[in-house]
Structures are given as structure tokens and as C-alpha cells.
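Asker: Here is how the chains run, residue by residue.
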Amino acid sequence: MSNDDLYWTAIDLANGILSGAMLGGYYALISVGLALTFGVMRLINLAHGDWIIVAAYLCATAASASGVPPFWTLIIVVPVMYAIGYGVQRGLLNHVSVQAAERRGMSPVYGLMLPLLVTFGLSIVLSQGLLLIFSADTASIKNDLSYSAIALSADLSISTLRLGFFAAAAVLLAGLSLWLKTTHIGRAIRAASDDPETAALMGMRTPHIYSVASGVALASAGIAGFMVGMSRSFQPFDGPSFLLMAFGVVVLGGLGSLMGTLVGGIVLGIVQVLAGTYFGPAAEQVAGYLVILMVLALRPQGLLAK
Amino acid sequence: MSTSAVEAAKAAATAVPAAATPALRITSLSAYYGELRAVHDVSLELERGDVLAIIGANGAGKSTLLRSLVGLVNHGARSHTRGSIEFDGKRLDKLSPDQIVDAGVALVPEGRRLFARMSVEDNLLAGAYLPRCRPTIPRKLEEIYALFPRLRERKAQIVSQMSGGEQQMVAIGRALMSSPKLIAFDELSLGLSPAMIDEIYQNLGAIIAGGAIGILVEQDLKRALAACTRFCVMLEGSIVLEGRPQEVSEDAISAAYFGSDAHGGFEARG
Chain A
1 MSNDDLYWTA
11 IDLANGILSG
21 AMLGGYYALI
31 SVGLALTFGV
41 MRLINLAHGD
51 WIIVAAYLCA
61 TAASASGVPP
71 FWTLIIVVPV
81 MYAIGYGVQR
91 GLLNHVSVQA
101 AERRGMSPVY
111 GLMLPLLVTF
121 GLSIVLSQGL
131 LLIFSADTAS
141 IKNDLSYSAI
151 ALSADLSIST
161 LRLGFFAAAA
171 VLLAGLSLWL
181 KTTHIGRAIR
191 AASDDPETAA
201 LMGMRTPHIY
211 SVASGVALAS
221 AGIAGFMVGM
231 SRSFQPFDGP
241 SFLLMAFGVV
251 VLGGLGSLMG
261 TLVGGIVLGI
271 VQVLAGTYFG
281 PAAEQVAGYL
291 VILMVLALRP
301 QGLLAK
Chain B
307 MSTSAVEAAK
317 AAATAVPAAA
327 TPALRITSLS
337 AYYGELRAVH
347 DVSLELERGD
357 VLAIIGANGA
367 GKSTLLRSLV
377 GLVNHGARSH
387 TRGSIEFDGK
397 RLDKLSPDQI
407 VDAGVALVPE
417 GRRLFARMSV
427 EDNLLAGAYL
437 PRCRPTIPRK
447 LEEIYALFPR
457 LRERKAQIVS
467 QMSGGEQQMV
477 AIGRALMSSP
487 KLIAFDELSL
497 GLSPAMIDEI
507 YQNLGAIIAG
517 GAIGILVEQD
527 LKRALAACTR
537 FCVMLEGSIV
547 LEGRPQEVSE
557 DAISAAYFGS
567 DAHGGFEARG
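Heads up: the protein sequence lines correspond to chains A and B, in order. Per this note's numbering, the very first residue in the first sequence carries number 1; after that it's consecutive. Per this note's numbering, the very first residue in the second sequence carries number 307; after that it's consecutive.
Be aware that one or more of the hints could be misleading.
So the derived list for chain B, only partly shown, Cβ under 7 Å to chain A, looks like this [stated by the list, open to error]:
(1) Arg384
(2) Pro403
(3) Val407
(4) Asp408
(5) Leu413
(6) Arg419
(7) Phe421
(8) Asp428
(9) Leu431
(10) Gly433
(11) Tyr435
(12) Leu436
Now the in silico label distances, taken between C-beta atoms and shown as ranges [unchecked claim]:
(13) B/Ser469 with A/Lys181: 19 to 27 Å
(14) A/Ser66 with B/Ser402: 38 to 46 Å
(15) A/Tyr289 with B/Gln508: 58 to 66 Å
(16) A/Ile44 with B/Arg440: 28 to 36 Å
(17) B/Arg440 with A/Glu197: 21 to 29 Å
(18) B/Gly470 with A/Ala14: 51 to 59 Å
BS3-like mimics (lysine-lysine), calculated; alpha carbons at most 27 Å apart, straight line [stated by the list, open to error]:
(19) B/Lys487 with B/Lys446
(20) B/Lys461 with A/Lys181
(21) B/Lys446 with B/Lys396
(22) B/Lys461 with B/Lys487
(23) B/Lys528 with B/Lys487
(24) B/Lys446 with A/Lys181
In case anyone wonders, no lab produced these hints; they're calculated from the structure. Don't be surprised by glycine CBs; every beta carbon is placed ideally from N, CA and C.
Next comes chain B alone, as it looks inside the complex (with noise of 0.2 Å):
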């Protein structure tokens, strides 16, 4: 390599500062539960302040992807992961579990599943137990207290006695104890009343706030083209569209969602 390349090499390394990079960049990842695939060569790029809505039938590797993303499958059993998650610089597909969770990320989970048998501010307390947390404790209780105001009147409530609504705030506000700069949602509105979804829906700004990323897994099409910045569609594992709710046709979506007849009648597990 010549001189000149290694100085233009560095001049474009402090000309484009961090921050320019994709925060979050996945590179051809793959998920494999034993033999089978869930998530097939998808790539993806988001930026500070992106929400991003998956969408997708049943099956359709949503889910595994957030758990690729949170190192679940990689931490799970006999399932694994190829390519790589990259987020602010650092190589997820690399850490376990909680070393993810520290790096800034958060994941509220399908069906919610939080500790039936603690109390909602126990819940809460759960999820700031890393130590880079603690301080901010007292901060980030009042914060989550004022967007959900009965989650405040029912800090003392054993959380599996609650309604599914007030479980999926609880487990909203868990996931924001550890102050994420990457929260995703899998099936945000799966089993909620209407009126509790958009409860839910109109807090989602405050939720993610701040140049946060947002990751969206949502069957409610409709719903998650409204609240995001971008969007792709799956489909078998694979991603076959993706673009900005403006630019992209409803019908188009429709018709990626359902796939082309060649995949007709076929799903892979996700």
C-alpha cells in the first residue's frame, strides 16, 4: 500500500466522524435452530433515531432475527448464528446475553415474560441490575412512572394478577431500566385490547426517545407503517422488501407479506 493511500486512509477517518456509520449493521446473518434455517442472509443498516418495523407472516424469522440481535440464539441450545451484528463498533454476534444488554440494548419479549411472582417495581428493579445502572434508578423509575401513571399506583402488585395491557407496560418499562440505545419489540400489540394498543402506540415516541433505535415486530401492518421510519417485510427467513413507509405502496407491502405464488403454501419456522 502506498503512502498516499494510508494518509487518505486517515483523512477519512477524521473527516467522517463515528457518529456517521450505521449504528446498528448486520451483515448476511444467518440463524440456524439445529439443522433447520430461520433467518436467511439478511442484511440490514440503521441509523440514531431510526425505528424500524419488521413485518412479516407467522414463521416468518421476525423473532429469530430480534433473538439473533439480543444473543439468544446464539446463547440458546443448539441453535446458532452466521454473519455479523456489529453495534456502535462493537461485534454482538460475539458477546453473550448480558454483555449485549451492558452494550446498550434491550429487548421487550413476546409475550411479555416477566417474573410472575415479583411485583411490578421488582420487575422493574430487574431489569437495572447491571451495575452501569444503578445510578440512575431513582431517575429512570419517575420517568417510566410518568408515562405509565398506573403502573405507579400498582408498584406493589404481584405482576402475573395484572391485565395484559398493564403486564406489556410493565415489560416496556423493564426494558428501559438499562437506558437501551437499541429497544425492539416483539409483538408489541399480540393479545392487547384496542384501546390499550393505542395507549401504547402514542407513548412509542417518548419510549424510544432520544436518537434511539427502534425495532418493531408487529403483525398489525397498518399500525407499525404508522410508527416507523422504515420498514422491511420477511418472508421465509429472507428479507424481499424494504424501503420507507412513504416510498412503498400499501399494496406492494401486501403483496410481500403474502409472497409471490412460488412460495405459496410454504413457511419456514421463525
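In isolation and in its complexed conformation, chain A is listed as follows (with noise of 0.2 Å):
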């Protein structure tokens, strides 16, 4: 082997890797909500793809309504997603829950089911209802940012909308741990999710704290959605794709796990690029649901949980 070839086979693989950690950034992004709600709530939301896209369809919006850059559209949508969150999860989801069935003397397995249901129901209502509203048409809000690079050496670039997500959800992902641990609602949010009755012993209103948190999930599916909006073209139906992958990188990482949300991106992105890379574009997808099923044979509470 030419030191050309030995040079050119580690940029592959350099070029891989960096554009395969970037990549999990989004990923991350994309999971957060899921990893707050299913990972750390225990609450399977099945409408969780499809509220990226709503919110994605908020960012388009809001921008052609105002002319403002697409970013600044988030100081709108982020509040505006946490108050649905919370409203959905006041008027809706708490009404589903397991104690709710056996408050109407339902079995708790149709407690399980009930949310699974609505969430399913939701799903399909907001992915017609933005069919009705905005068409079939594939919409998207990318501009000259989309498309930009920084290069690292002559051969070696990063996409600077990639690099901002990966910050992004680093930043997100550690500032929500935190949170969880260290805040009287983040405590609250915990214990609630582990012993209901219990943390109602120790004076938390069990009802507003589950709708903070789905309100929390919401406002980063909020940003999920800027971020999908600035990356490609959407449509109505692209929901549950997102939901898809979003339960791979959270059973990847861990549930419980916020951080390992991050890695899980982090090795889903790495694991996808470098098998496009070798084997073409064919093998990312398999490649990706093979590494999910490798951990969850071989580590199944996950990368980082402990």
C-alpha cells in the first residue's frame, strides 16, 4: 500500500467517524423528548415523531409570516410546544394513566394499553390535520446555513449546521440531567415517575408534575423540529420515521439515561456512516438496527444505564 492509499483510507475513515458523531447529535436531538417521557416517565408516546413534524410546520410558518430567520422563530415555537406538551398532559394523557384505569376499575394492563392507544390516535390526527392545513407538498426552511462547512484540513470538513446540533443537543441533554437531578420539579419528576402515591405523601401534585415533563419533551421536540426543518424536506406522514429511530438511540443509550441519549446518537451515527462508507448507502439502515439489536442481546438496560 502507497502512503497515498494509507493517507486516503484514514481521511475515509476520519472523514466517517466526525461525520458519524455530528450525525448522532441530531439523532440525540431528535430522542430527547422520548428519552425524557419513555425513558425517564415510563410513558410510551407513539405521537412523538409527529410533533417534530408539527413543529417543524410551526418553524416554516412563523418564518414566512415574520421574514425573520428561521432560529429566531424558536423564542415562538419552544414556548408554544411546552404549553401543548403541558395542555395534552393535563386534559388528555393523565386521564389514560395506569391509576386512572383503576380509578374507573379498569385492569391495569388496559392502563398500559390506554396510553399506547391515544398516543397512536394523536399521531394520526396531527399528521392529517397537517395534511389538511398544509397539503401533501414537502415543505422545509433550509437556507444558505444548510449547506455550509467548515473545513478542518484540505480534505477533512464538518457541516456547520451538524456541528451546531451536535453543541446543541450537548448542551440540552447535559442542562436537562441537571435539571432532573438537582431541581426540586426534576426530583419531583423522578419520583413521581417511580412511586406516584408515594410523592404525593411528600406534597407533589402528581398531575402538573407529569405535564412539566411532557411539556419539557415537547419544547425539545420543538427544537428536534427547527433542526429537521434546517437539515431536509418534510412532509405530513414523515412522523413516524423519526419515532423510529428515536426509540433505537434511547434503547441504545439507555433508559433513565439522558446522557446516554448522546452516546447512543453518538454510535448510531458513527456506526450508519461508516457502513455507507464501506458497503454503500444500502447498509446504513441495517447496519444501525443491527448495532440496537447487538446491545440488546448483549447489554439490554442499555450503553450507559446503570
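Both chains come to you apart, so use the hints to assemble them.
Answerer: If you want it as C-alpha cells, here you go:
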């Protein structure tokens, strides 16, 4: 092998790992909300992906209505998504929990199934609603930033956008971890997810606490929606693919571990990009899900969970 | 009503300070799980500084009485209470569990019910969730660590890795974090080693400090009677005997505990 070949092999590998890791930040941001609702609260929200698409449309609508760059629409979109998340949990999902099923004299099994059915229904309502309002045409909020890259050397570069998303994911996940760990409301979310009755004995109003957690989950879905809109075009029915991706990342990283979500995203990203580089684009998805299966078989608690 | 009667009532109101009325008054309380009545027409009055031991066999309704007090029966699935519970002039039976904690009532639940995946200190801090409790957190933590020094050593440990006795200390500490004016213990000594039970009972005076009311549900008759100022014996959901421990013979208490022949072999759920 000549020196030149060796150089290009190294560059391919470095590019693959680098862009894979950056892709991991994108995956992590898509998964934050699910990591919180599924990983911490153990509520399976099948509408998670659809909320991301809703947020993407909100960003697009706000950007075109106001004329400001898409980034600034987050000032509106994130609080709106928080409010929606709080309201949907308070007005709908709190009434289909295990405890709510017991209160109605139903078996707890129904209590586990009801949120699945209700969020599945919500997923359909959201995507059909988007179709009704925005039609099936693809939408996007891509701008110059979407195509810019930072050169690290003559042959090594990273996408500016991906780098930004990676940084945003790291800051958001670290911030949320700290929030869950050290604040009263964060502790209450963990306590109420673990044992709602005892949490009530601590003075915690569990319906409010679950609603705050869901609000934060949807606020982060708001950021994910902006990110999706900046990186690609989207349609009303794109939600479920994001849901699937997020499930993989959360399971990979470990339930209940928010930083695990970032690690899960990075692992998935690197595996996919390297598989794509060496075995062609068709191998990307297969390699990703193979890794998830392998982790589930060898380390079912996930990479970072205790 | 005549003017003099109104004036007499006013005079009575000023002459009798609020503290003279019992701090806790339970009147004709019944508790139901669906159709089943687990507590039957219970009335109780306690004053500040009282420590009440509730004694009775399994299924006598002791735990249900405590759960009624902290709002879990009214809050729970298909269960409710009748009658009234007044504490410091507030109708607890009309409040939700979180409002009852805010009113100064704390329960150390049966089986401890700690937040298993959290550290010792996180469990303690969870007990101080209410805004009114937050300013006193450093002082309260210090008090609890002084009471149970081994909790200070292990404050970062995950509670599920601790012994039953240590977990009970965390559960007591967690209840104390809300500075309760009434603290209830459900099966305080259940499943603990004798040495650990000794350690906890030695500290009971300090735990129920400064004019607070203590309510002790306990299977261990001797320990309960030694620690209380008043006791009541429950059988099949009703109070069948009450008094002060020095006034009643242990034989009489035992007889009430097991019930008369008419009740033999019959148990209500509790």
C-alpha cells in the first residue's frame, strides 16, 4: 500500500467517524423528548415523531409569516410546544394512565395499553391535520447555513449545521440531566414516575408534575423540529420514521439516562456512516438496527444505564 | 337566639384559646374500599404532644385509618371516607394528599416506600418538595443527620442497596423534612432487626419533637405501649378499647386485641 492510499484510507475513516458523530447529535436531539417521556416517565408516546413535524411546520409558518431567519422562530415555537405538551398531558394523557384505569375499576393492563392507543390516535390526528392545513407537498426552512461546512484540513470538513446541532444536543442533554438531578421539580418528576402515591405523600401534585415533564419533552421536540426543517425537506407523514429512530437511540443509550441518549446517537451515527462508506448506502439502516439488536442482546439495560 | 346567648358564645370564644380544642379530631370516620368497609365509625381526639399507639391484628383497619388521615383513601381508586377529620381547624377529609402534607401531616408509610433509584439525600430532599419546606432544608438535613449519623455517611448511596433499618431511617427522615405537626408511622418495626428497632425507638422522642402529635401503628404491643401516651385497640375496623397505657392492664389490652368469642375467626380488611 502506498503512502497515498494509506492517507486516503485514514481520511475516509476520519471523515466517517467525524460526520457519524455529528449525525449522532442530530439523532440525540430527535430523541431527547422520548428519552424524557419513555426513559424517565415510562410513558410511551407514539406521537413523538409527529410532534417534531408539527414543530417543523410551526417554524416554517412563523418564519414565512414574520420574515425573520428560521432560528429566531424558536423563541415562539419552543414555548408554544411546551404549552401544548403541558396541556395534552393535563387534559388527555393524565386521564389514560395506570392510576386512571384503576380509578375506573379497569385492569392495570388497560392502563398500560391506553396511552399507547391514545398517542397512536393522536399521531394519526396530527399527521392528517397537517395534511389538511399544509397539503402533501414537501416543506423546508433550509437556508444558506444548511449547505455551509467548516474545513478542518484540505480533505476533512464538517457541516456547520451538524456541528451546531451536536453542540445543541450536548448542552440540552447535560442541562436536562442537571435539571432532573438537582432541582425540586426534576426530583419530583423522578419520584412521581417511580411511585405516584408516595410522591403525593411528599406534597407533590403528580398531574402537574407529569405535565411539566411532557411540556419539556415537547419543547425539546420543538428544537428537533427546527433542526429537521433546516436539514431536509419534510411532509406531514414523516413523523413515524423519527419515532422509530428515537426509540432506537433511547434503547441504545439506556432508559432513564439522558446522557446515554447522546452516546446512543453518536454510536448509531458512526455505525451508519461507516457502513455507508464501506458497504454502500443500502447498508446504513441495516447496520444501525443490527447494532441496536446487538446491544439489546448483550447489554439490555443500554450503554450508559446502571 | 337571644343576645345573651350570642354574647356568651363570644365570651367562650375569647376565654378558650384555640390551642385548648383538640389539635386532631376524628368524628365518626368510616373508610370504604368499594363496598367493603375497612374502618367503621371511628372517633378520636388528640392534643399536641400526644403519642397515640394504634394496636390491632392484621386487617383490623389500622393502616386504612392512617391512609384516611393523609388523604390516600379519598384520593385512591374506588375508595372513600365518610365522617370528618379536623386538624388545626382544617377539614383534612376535604383536602388532597399534597394539601394535607402542606397542612403539616406526614406519614412514614408501611414498607417505607422509598424512591428506590434515588440516593439517600435525594429521598430526603423529595420530602421537602413543598415551597414552605424549602427555606428550612439545610437545618432539617442537619437535624436528621444528627439523629441518624449513618445517613450522613451514606448520603450519596442509592437507597435500594441499604439494609431495612437504614431504609426506615431514610423514610423517617424524609417525613421529617416537611416539619410535620403530626407524624404517623405505619408498622414502624416491621421486618427490622431488634437492635435497629431499639435504635429507632430510642430516638422516637426526638423524632416527635416539640409539641407535635405522633401516631404509631405497631404490631409489637410492648414497644408501642412503652412509647405512647395514649393507645387504642382496633378490631374489625372499630376501636374496641382506648385509654392511657398506665390505666389499663395488659390483659385487658390483649383481650381486646384478639376480640371476644363472638368475633372469633372473622376478619375485616385493613
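Asker: Sort out which numbered hints this structure fails and list those numbers smallest first.
Answerer: none
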